[in-house]
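A.B. asks: Protein chains in written order, with our numbering: chain H, 1 to 347; chain D, 1 to 283; chain V, 1 to 266.
If you're looking for bench data, these hints aren't it; they were derived computationally from the structure. As the structure is a prediction and not an experimental result, all values here were calculated from the model. Warning: the hint list may mix true and false statements.
[Unchecked claim] SDA-like, lysine to any residue: derived pairs with alpha carbons at most 25 Å apart:
{"id": "1", "chain 1": "V", "residue 1": "Lys130", "chain 2": "D", "residue 2": "Val12"}
{"id": "2", "chain 1": "V", "residue 1": "Lys97", "chain 2": "D", "residue 2": "Ala172"}
{"id": "3", "chain 1": "V", "residue 1": "Lys91", "chain 2": "D", "residue 2": "Pro198"}
{"id": "4", "chain 1": "D", "residue 1": "Lys269", "chain 2": "D", "residue 2": "Pro198"}
[Stated by the list, open to error] Just so you have them, the derived chain V footprint on chain D, three or more residues with Cβ under 8 Å:
{"id": "5", "region": "20 to 28"}
{"id": "6", "region": "82 to 95"}
[Said to hold, decoys possible] Which residues of chain D face chain H? A partial, calculated answer using Cβ under 8 Å:
{"id": "7", "residue": "Leu49"}
{"id": "8", "residue": "Asp53"}
{"id": "9", "residue": "Pro54"}
{"id": "10", "residue": "Ser127"}
{"id": "11", "residue": "Ala131"}
{"id": "12", "residue": "Gly133"}
{"id": "13", "residue": "Ala167"}
{"id": "14", "residue": "Asp170"}
{"id": "15", "residue": "Leu173"}
{"id": "16", "residue": "Phe178"}
The C-beta atom is built at its ideal place from N, Cα and C for all residues, glycine as well.
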Amino acid sequence: MRKLIEFKNIVKDFNGTLVLKGINLVIHENEFVTLLGPSGCGKTTLLRILGGFIEQSEGQVFFEDIEISNVPPYKREINTVFQRYALFPHMNVFDNIAFGLNIKKMDKNTIQQKVSKMLKLVNLEGYEKRPVTLLSGGQQQRVAIARALVNEPMVLLLDEPLGALDLKLRKEMQHELKKIQQEVGITFIYVTHDQEEALTMSDTIVVMNAGEIQQIGSPTDIYNEPENRFVADFIGESNLIEGAMVEDYKVAFDGETFECIDYGYYENQDVDIVIRPEDIDIVKADMGKLKGTVKSILFKGVHFEIVVETANRDWIIHTTDSSEVGNTVGLHFFPEDIHIMRKIGTY
Amino acid sequence: MKSFASLVKPYVVWMSLFIVIPMLLILLYAITDRGNSVLTFHFTLNNFLRFFDPVFIKVLWKSLEIAIITTIVCIIIGYPIAYVISNVSERLQGLLILSVTIPMWINMLVRTYAWISILSDGGIINSILAAVGLGPIKMMYTDFAVILGMVYNFLPFMILQIYTVLAKMDRALINASFDLGANRYQTFKRIVFPLSLPGVISGITLVFLPAVSTFVIPKFLGGGQYMLIGNLIENQFITVGEWNFGSAISLIMAMIIMGSMMLTKQVDKDASAQASNDGGKLW
Amino acid sequence: MVGSKRNLAWTIILITLVLMFFYLPIMSMIVFSFNSSRSLTSWSGFSLEWYKALFENREMMSAITTTISIALLSTLVSTVVGTFTAIGISKSKRLIKEIILNVNNFPILNPEIVTAIGLMLLYTTFKIEKGYMTMLIAHIIFSTPYVILTVLPKLRRLDPDLAEAALDLGCTPLQALLKVIVPLIMPGVISGALIAFTMSFDDFVISYFVSGNGVKNISILVYTMSKRINPTINALSTILVVIITIILLSVNLYDILKKKDLKEKE
Numbered sequence: 001m002r003k004l005i006e007f008k009n010i011v012k013d014f015n016g017t018l019v020l021k022g023i024n025l026v027i028h029e030n031e032f033v034t035l036l037g038p039s040g041c042g043k044t045t046l047l048r049i050l051g052g053f054i055e056q057s058e059g060q061v062f063f064e065d066i067e068i069s070n071v072p073p074y075k076r077e078i079n080t081v082f083q084r085y086a087l088f089p090h091m092n093v094f095d096n097i098a099f100g101l102n103i104k105k106m107d108k109n110t111i112q113q114k115v116s117k118m119l120k121l122v123n124l125e126g127y128e129k130r131p132v133t134l135l136s137g138g139q140q141q142r143v144a145i146a147r148a149l150v151n152e153p154m155v156l157l158l159d160e161p162l163g164a165l166d167l168k169l170r171k172e173m174q175h176e177l178k179k180i181q182q183e184v185g186i187t188f189i190y191v192t193h194d195q196e197e198a199l200t201m202s203d204t205i206v207v208m209n210a211g212e213i214q215q216i217g218s219p220t221d222i223y224n225e226p227e228n229r230f231v232a233d234f235i236g237e238s239n240l241i242e243g244a245m246v247e248d249y250k251v252a253f254d255g256e257t258f259e260c261i262d263y264g265y266y267e268n269q270d271v272d273i274v275i276r277p278e279d280i281d282i283v284k285a286d287m288g289k290l291k292g293t294v295k296s297i298l299f300k301g302v303h304f305e306i307v308v309e310t311a312n313r314d315w316i317i318h319t320t321d322s323s324e325v326g327n328t329v330g331l332h333f334f335p336e337d338i339h340i341m342r343k344i345g346t347y
Numbered sequence: 001m002k003s004f005a006s007l008v009k010p011y012v013v014w015m016s017l018f019i020v021i022p023m024l025l026i027l028l029y030a031i032t033d034r035g036n037s038v039l040t041f042h043f044t045l046n047n048f049l050r051f052f053d054p055v056f057i058k059v060l061w062k063s064l065e066i067a068i069i070t071t072i073v074c075i076i077i078g079y080p081i082a083y084v085i086s087n088v089s090e091r092l093q094g095l096l097i098l099s100v101t102i103p104m105w106i107n108m109l110v111r112t113y114a115w116i117s118i119l120s121d122g123g124i125i126n127s128i129l130a131a132v133g134l135g136p137i138k139m140m141y142t143d144f145a146v147i148l149g150m151v152y153n154f155l156p157f158m159i160l161q162i163y164t165v166l167a168k169m170d171r172a173l174i175n176a177s178f179d180l181g182a183n184r185y186q187t188f189k190r191i192v193f194p195l196s197l198p199g200v201i202s203g204i205t206l207v208f209l210p211a212v213s214t215f216v217i218p219k220f221l222g223g224g225q226y227m228l229i230g231n232l233i234e235n236q237f238i239t240v241g242e243w244n245f246g247s248a249i250s251l252i253m254a255m256i257i258m259g260s261m262m263l264t265k266q267v268d269k270d271a272s273a274q275a276s277n278d279g280g281k282l283w
Numbered sequence: 001m002v003g004s005k006r007n008l009a010w011t012i013i014l015i016t017l018v019l020m021f022f023y024l025p026i027m028s029m030i031v032f033s034f035n036s037s038r039s040l041t042s043w044s045g046f047s048l049e050w051y052k053a054l055f056e057n058r059e060m061m062s063a064i065t066t067t068i069s070i071a072l073l074s075t076l077v078s079t080v081v082g083t084f085t086a087i088g089i090s091k092s093k094r095l096i097k098e099i100i101l102n103v104n105n106f107p108i109l110n111p112e113i114v115t116a117i118g119l120m121l122l123y124t125t126f127k128i129e130k131g132y133m134t135m136l137i138a139h140i141i142f143s144t145p146y147v148i149l150t151v152l153p154k155l156r157r158l159d160p161d162l163a164e165a166a167l168d169l170g171c172t173p174l175q176a177l178l179k180v181i182v183p184l185i186m187p188g189v190i191s192g193a194l195i196a197f198t199m200s201f202d203d204f205v206i207s208y209f210v211s212g213n214g215v216k217n218i219s220i221l222v223y224t225m226s227k228r229i230n231p232t233i234n235a236l237s238t239i240l241v242v243i244i245t246i247i248l249l250s251v252n253l254y255d256i257l258k259k260k261d262l263k264e265k266e
């Protein structure tokens with residue numbers, strides 16, 4: 001995929017607080033990229049710098065190899081879907097969507113065609129004359145998307161657009177957005193704190209925390225091979241353990257040594273370890289790699305969430321097998337289920 | 001709760017006595033003749049007919065003219081000021097709005113009185129002009145002085161009303177407009193200005209009403225002969241003693257004002273996307 | 001958002017012009033209050049004689065006391081009555097609410113002169129002698145509607161279950177009122193009281209028509225004295241301006257200085 005956008009060493013200082021600490025990121029054509037992280041990690045700030053609404057303190061932004069920091073937002077080939085939609089309350093659906101086209105002084109017929117096409121894309125045919133203040137949240141959101149897309153930008157920025165929707169609607173919209181992105185074929189840059197959302201829709205996820213990028217990768221990479229403790233903890237549920245690499249393919253924690261599939265660490269290097277709850281099985285007490293007592297069982301519909309207390313810690317296990325509180329059980333996992341991660345700040 | 005609702009009872013009695021009855025009295029005086037005793041009323045429409053004398057109609061027109069000019073000037077000056085203030089840093093905004101508000105809290109008579117020493121023939125402006133060798137300009141007792149006095153007194157209201165709407169405007173709407181390709185001028189014309197109209201209309205209400213009915217400002221700055229409708233009414237009651245005629249004029253003025261208020265409410269309904277009814281919001 | 005230098009220049013020019021417009025008359029008035037001659041246009045030297053004259057002028061001092069006492073009393077009454085009435089309104093049936101609010105609006109929507117005349121006719125018809133009491137009543141009449149309109153929105157935002165919760169826990173209605181409702185709407189009540197005070201303190205038109213018997217407030221006094229040039233008025237005005245400015249500045253400056261510059265964070 002061709003390179004479209006590049007952030008070079010972006011730093012942003014807000015009144016003495018460093019919100020972005022040196023971001024380097026490349027985004028490609030036709031990519032669905034998600035900036036994922038907790039509140040305050042800087043993801044929205046980075047998005048707004050790209051949109052042109054705020055200026056970075058240091059660093060450069062390249063769009064198709066041209067530096068665009070001095071270009072005002074109305075001249076960038078980027079459009080934004082705002083968090084609370086920002087629909088113009090004094091205009092109806094049609095006029096809202098047509099706004100950008102009117103500015104470009106297109107002729108009426110072309111505008112009519114383009115807007116109709118958009119309304120069809122977002123499933124709002126027939127809503128042209130509706131005042132936007134009378135629409136439901138989901139409908140407003142689709143108008144906001146249509147309003148941005150109708151301008152045929154090269155990049156669409158989406159700032160947590162699904163936050164105000166209820167769960168079912170949110171999941172529907174996630175699929176619709178992905179579908180639209182693939183149909184229209186442009187780059188989507190999506191900001192969210194919801195890791196499930198990110199995993200569902202993205203081609204690439206950029207995990208951020210405290211103004212720094214923690215990891216960039218595909219959803220499967222991020223989930224299966226988290227690079228550090230933060231990513232492991234943020235994405236999916238996990239059992240996080242501190243241990244040390246005795247030697248290649250051997251890791252030690254909780255007083256024992258286990259076989260694993262990682263290598264390339266120096267002897268006895270301290271590492272973070274993550275084992276996903278769904279990778280652990282509950283077996284007979286003597287048949288597992290560890291032994292413990294069942295502390296609690298929660299029925300979650302898809303699986304049971306069982307907490308097992310061992311000598312050193314509590315383990316979270318997701319399994320379809322049930323057990324009983326108080327039982328002594330064994331925990332089993334395979335070597336490939338042990339994910340080794342370098343401690344944050346080390347190599 | 002029943003018992004809570006009964007809290008209004010004292011005020012209802014009070015209102016009927018001191019708000020409703022006075023209104024009815026004005027009506028009564030307007031439609032009756034002099035020389036009423038408690039039991040005999042002589043109903044007549046003469047008081048209203050008297051008003052249609054060209055002398056009085058001229059006063060009415062002048063009052064409307066001056067009030068409209070004042071309102072327009074307040075919008076022309078007030079809007080840019082409100083806009084400019086709403087765009088500076090938040091700390092500075094507070095300070096600026098404060099400086100616009102302080103004059104409002106100073107007694108209107110005192111504020112109007114202050115202009116006398118500036119506008120009079122030997123006053124400050126003319127002294128400066130004389131020092132430069134330019135002839136004195138007659139400013140006191142002219143339309144100019146009266147309008148100036150009115151604008152001076154009522155401009156802060158217009159500024160505050162427009163500023164409130166502009167300051168509360170969702171910044172995201174402006175960013176969305178930029179995002180969609182509109183530059184600052186286009187954004188102002190298509191988004192900011194239309195959405196600020198409710199503030200302008202509030203401002204018009206707060207300026208036009210007092211401008212039409214005031215009598216102090218024309219008296220101080222227009223002189224004894226300068227008659228606006230407020231002066232006319234005051235004159236009829238205090239000097240001439242024609243209470244019936246005075247009441248009739250008051251009613252006519254009240255009706256004109258109510259008419260223009262309804263007109264503005266209609267424009268407001270069309271202009272703003274939201275409607276709310278607290279029983280007469282003025283703030 | 002990227003700003004431009006040209007905008008900044010315009011901003012400064014406009015703001016300076018406006019501030020000059022607003023404060024020039026006030027400045028001139030203050031300056032000439034210290035003038036040693038009776039002129040408002042030519043300066044003859046610094047003097048405090050007008051301030052001295054102010055304090056020696058019995059009429060003025062009495063007008064000041066009248067203004068303050070009426071303002072305090074009318075504020076007290078209108079705030080209490082207005083607050084309780086607003087509470088009652090918020091719990092009333094829709095029709096009653098509409099009627100009361102509409103009549104309540106008359107003193108607000110009517111030009112002052114109409115309200116003034118109405119009251120004057122009332123007093124005359126019922127042969128009530130005009131003086132201090134008539135002025136006080138008049139001030140209460142035009143202040144209370146504003147108190148009601150200021151308190152009502154705060155009541156609207158109150159959780160409707162609170163009063164009932166208080167009753168449920170054993171309060172009499174009066175206790176529920178005083179211990180639960182009033183404390184929660186206090187900011188609105190205070191706003192209303194301030195508005196009532198200001199309107200009363202500054203009032204001219206209504207006071208002019210309904211007072212008699214030599215009872216004058218500051219505005220009436222200024223009005224009658226302004227027929228001739230009298231810098232004592234300047235002295236009085238200067239003192240008023242200074243007091244008002246100090247009060248407003250200290251209240252607001254505290255707020256303003258606490259705020260960080262939030263505009264960039266949007």
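A.B. asks: Compare the structure with each hint and give your call.
C.D. replies: Status of the hints after comparison with the structure:
1. V:Lys130 - D:Val12: The hint holds at about 24 Å.
2. V:Lys97 - D:Ala172: Distance of about 38 Å is beyond 25 Å: violated.
3. V:Lys91 - D:Pro198: Violated, at roughly 30 Å.
4. D:Lys269 - D:Pro198: holds, 9 Å
5. 20 to 28: holds (count 6)
6. 82 to 95: Three-residue rule met by the region 82 to 95 of chain D, so holds; n is 9.
7. Leu49: violated, 47 Å
8. Asp53: violated, 47 Å
9. Pro54: Interface hint status for proline 54 of chain D: violated (45 Å vs cutoff 8 Å).
10. Ser127: This hint is violated: serine 127 of chain D lies away from chain H, its Cβ roughly 49 Å from the closest one there, beyond 8 Å.
11. Ala131: Since the shortest Cβ distance to chain H is 48 Å, the answer is violated.
12. Gly133: With a closest approach of 50 Å, the glycine 133 of chain D hint is violated.
13. Ala167: violated, 17 Å
14. Asp170: Holds, about 7 Å.
15. Leu173: holds, 5 Å
16. Phe178: Holds - the Cβ of phenylalanine 178 of chain D comes within 8 Å of chain H, reaching about 4 Å at its closest.
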